[in-house]
Amino acid sequence: MLEFRTQGFNGYAVKYSPFFDSRIAVASAANFGLVGNGRLYVLDLTPKGIVAEKWFDTQDSLYDLAWSEAHENQVVVAAGDGTIKLFDIALDQFPVQVWQEHKREVFAVHWNLITKDTFCSSSWDGTIKIWSPHREDSLVTLPTHSCTYSAVFSPHSPSLLSSVSSDSHFRLFDLRTPASVSNHLTLTIPLHASPQGPIAPRFQQNLGAAAPSEALTHDWNKYRSHLIAAAGVDRHIRTFDIRAPGQGPISVFAGHDYAVRKIAWSPHLSDVLLSASYDMTCRVWTDGNGAVNYGGKVLPGGFGEELGRMDRHTEFVMGVDWCLFGAEGWCASCGWDERLLIWDVREFIGGARYGEE
Numbered sequence: 001m002l003e004f005r006t007q008g009f010n011g012y013a014v015k016y017s018p019f020f021d022s023r024i025a026v027a028s029a030a031n032f033g034l035v036g037n038g039r040l041y042v043l044d045l046t047p048k049g050i051v052a053e054k055w056f057d058t059q060d061s062l063y064d065l066a067w068s069e070a071h072e073n074q075v076v077v078a079a080g081d082g083t084i085k086l087f088d089i090a091l092d093q094f095p096v097q098v099w100q101e102h103k104r105e106v107f108a109v110h111w112n113l114i115t116k117d118t119f120c121s122s123s124w125d126g127t128i129k130i131w132s133p134h135r136e137d138s139l140v141t142l143p144t145h146s147c148t149y150s151a152v153f154s155p156h157s158p159s160l161l162s163s164v165s166s167d168s169h170f171r172l173f174d175l176r177t178p179a180s181v182s183n184h185l186t187l188t189i190p191l192h193a194s195p196q197g198p199i200a201p202r203f204q205q206n207l208g209a210a211a212p213s214e215a216l217t218h219d220w221n222k223y224r225s226h227l228i229a230a231a232g233v234d235r236h237i238r239t240f241d242i243r244a245p246g247q248g249p250i251s252v253f254a255g256h257d258y259a260v261r262k263i264a265w266s267p268h269l270s271d272v273l274l275s276a277s278y279d280m281t282c283r284v285w286t287d288g289n290g291a292v293n294y295g296g297k298v299l300p301g302g303f304g305e306e307l308g309r310m311d312r313h314t315e316f317v318m319g320v321d322w323c324l325f326g327a328e329g330w331c332a333s334c335g336w337d338e339r340l341l342i343w344d345v346r347e348f349i350g351g352a353r354y355g356e357e
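Residue numbering for the sequence shown follows full-length UniProt numbering, beginning at 1 and increasing consecutively.
I should point out that these hints are in silico values taken from the structure, not numbers from a laboratory. In this text, all values refer to a predicted model and were calculated from it rather than measured experimentally. Mixed in with the good hints, there may be bad ones.
Said to hold, decoys possible - Cut-off 30 Å, straight-line C-alpha distance, at most; resulting in silico cross-link-like pairs (DSS-like, lysine-lysine):
| no. | residue 1 | residue 2 |
| --- | --- | --- |
| 1 | K116 | K222 |
| 2 | K54 | K116 |
| 3 | K116 | K103 |
Could you put together the complete structure from these sequences and hints?
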């Protein structure tokens with residue numbers, strides 16, 4: 001396990017570069033993001049450990065970041081003052097572009113993985129905006145009418161964009177549809193609705209009816225284009241099949257003691273999910289990879305199985321990300337303990353059969 005100290009700054013998000021397996025960026029904030037400056041760290045993994053290649057200081061907290069999919073040296077950050085800033089690590093301290101249309105804190109940014117010429121942002125002001133790095137104004141504004149903690153493009157379609165919000169709903173937008181009254185909104189899933197159909201008895205017996213609570217994070221499965229996972233304040237991670245939204249959750253991952261702050265599906269294995277929580281742990285899960293019939297019928301699901309946990313953080317774990325390159329277990333996590341940790345999930349799984357489909 002490798003460690004880097006973000007001295008004086010509490011980590012909020014960590015992302016591996018999509019171009020280099022040795023480059024990592026961390027978005028951080030002073031005073032736990034409540035007041036004060038932010039700092040973007042660009043770090044290199046070297047034979048001598050983790051070395052800070054560069055850092056950029058900002059006037060307000062940084063809550064999220066996304067590497068450009070088109071330019072290896074550029075990274076965009078989400079700031080507490082409502083701005084979005086684009087930095088080029090080959091240049092000096094100042095951002096190469098600043099956008100300010102959001103009315104409140106920007107809490108998430110995500111780059112389009114397919115077309116690579118747009119990225120999105122979501123804010124506490126109840127909107128999602130789509131941007132081009134070559135335009136001064138946003139391309140599209142999508143209202144959610146609720147504090148939106150997470151917005152991401154689908155890794156399978158450049159036109160699909162999703163979000164989860166404080167109102168406990170997953171929203172799917174299809175930019176190919178006419179804007180009209182719906183503003184491209186094509187699907188809404190209440191994340192805490194009671195399961196329906198054949199999986200209902202199992203969930204109702206073990207989980208019961210879930211009261212709505214804020215959804216903080218979600219992610220698309222990298223191999224199953226219909227599968228998403230969402231999590232938040234109620235400590236549970238739920239997976240849904242967007243082809244059959246009325247069926248409710250396919251599987252539920254229960255085990256965290258406090259809110260789940262970040263989840264990420266593995267880029268290597270279709271059934272493996274990584275989570276970070278306020279309970280100071282990161283956990284590795286499998287959904288069994290058997291809850292969905294690819295003929296379109298939802299089969300009985302169940303509870304996700306915890307494969308292992310990493311508990312070396314000493315404060316809230318806020319960010320986690322998988323390495324896209326090399327061995328399938330390497331990942332990074334950051335938290336309010338001012339530490340970035342690089343670790344291999346296989347070291348924390350014990351006797352579990354990790355990696356087998």
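To see whether the hints hold, each was checked on the structure:
no. : hint        : in the structure
1   : K116 - K222 : holds (17 Å)
2   : K54 - K116  : holds (24 Å)
3   : K116 - K103 : holds (26 Å)
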